[in-house]
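These are the residues of each chain, in order.
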Amino acid sequence: MTNQQQEQIDKFHSGQMSEQEIAAFQKQLEADPALKAESDLQGDVIGGLKEYRKLELKSRLDAINVGPTWVEFVQQSALMKSMGGVIVASIIGTGIYFMGESKEEIESTEPITITAPVETGSTDYVLELGDETDVKNDTELEKAVSVAKVENTTDQKPVVQESTPVQSEKLVEVVEKVEEFKPSFDAPAVASVEDESRFSGSDLDELPENTSSESSNEPIDVESENNRSNVIKYKYFDGKLFLSGDFNKSPYEILEINSLAGRRIYVYHQGSYYSVGMANKLTELPLVTNKEVIEELKLLRENK
Amino acid sequence: MKDSEILERISRGDEHMLDHLYKKYYRMMTKIVLSNNGTEDEAKDVYQEALLAFWQKAASGKLVLTSKISTYLYSICLNQWRKELDRKSRLSSEEVDKEEFQTHDAKERLKIVMDCIGQLGDVCKKVLTYYYFDGMGMPEIAEKMNFANTDTAKTKKYKCKKKLDSLIKSKYTTEDFFD
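Residue numbers (numbering that gives the first Met the number 0), protein chains in the order written: chain B, 0 to 303; chain V, 0 to 178.
Derived from the structure by calculation, the hints contain no laboratory data.
The C-beta atom is built at its ideal place from N, Cα and C for all residues, glycine as well.
Treat the hints with care, as some may be off.
Going by beta-carbon spacing under 8 Å, a handful of chain B positions derived as facing chain V [to be verified]: (1) V44; (2) L48; (3) K49; (4) E50; (5) Y51; (6) K53; (7) L60.
Calculated from the model, a selection of chain V residues having no Cβ within reach of chain B, i.e. all distances over 10 Å [unchecked claim]: (8) K1; (9) I5; (10) L6; (11) L33; (12) G60; (13) R81.
Using the sequences and the hints, build the whole thing.
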């Protein structure tokens, strides 16, 4: 066995040969049994040396303590978990406490309730803003309030509007509908309404209860049919109002008043007011003749 | 400690880096096996094999690391465990018998070689294992073993290898050579 062959065997088993060198050496091994025997022996020897070193290093690694470090121990210990739980609970509790308080403050600003004394005693008025209500901006609110003040000076019976749940003795809701136009309301800024006496003398509760059975606060559903008849006919049942008449020249308006006594619906058309009662069949719309009621309806209509 | 620093120290044969890496990534790497139907021993074995494969590459200077060490180790562990699972599921009982026969023969020869290595002195053991397993060059071995120079390392390696071959040949029978 030459030194060159020994070097080749060494390189072959040490992985230091290129692919071409390996191929060439394998041919030599096939041709020379003695070389192959020596190569096999060296394979065992070098394999043994590698294994020996591997076992040595593995023994070294086995001796290493891979238990949790103090940081991991702190993280995993039951005590720290308990403390962590307490801390997290405290943070959440504190957060809920403060957030809950702030929420309460916000909510407290929402209800707008006015206690307005009337002749028969103090009364809370509430305006219910329907689904179609659109409170646009503060300017509009102020405008609405200013209109209310003007009306009070004329000693009329005011309507105070408010956007809170039903909490008052008198619930007044005014909904106007002019054919395709969706009714909208300007809610007055309650803070601006200072003089409560202005609301005294209102006798809206004395208005005729022609739809007392309809206590729903939802705006009524109105359908209309145009014809050339001078007589307006209607049908009203289950919150649905059907009108039939000549509305081409001038549109009709719906005035809806909600109070604890019930819902009252009026129709305004060409300077006249009509009262809407329950009617399953198409019936002629009755004209309102009571001057006091007419004045009240006029006031409401102008304050829309 | 940065990966580049770890690699540099491994290339000089600093075995403390092996300890450092082993501890640092033990849980991460063994979790691969443990979470895939492996036992604690299998997980440990796979991780040690992977780490030593990494060590061999890094110590020999053949490793060009393009990712983090942890990523490299993770991929080795994953592949090794896949191979092991594949081997377990693939082997039929006949193949197992054959493998066991071959393993037994190889084990016998390996035992002889290991015994002979054990009879060498510490310097010979280190020089030979550094060269064949760690893939260290003669300059690195000379530095690590505090030899005067590279030639001393070469001479030492040659003499130690001759001695080992001689020991092994004396233990091997003719049948062992030509099986």
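ask   = Which numbered hints are broken by the structure, listed smallest first?
value = none
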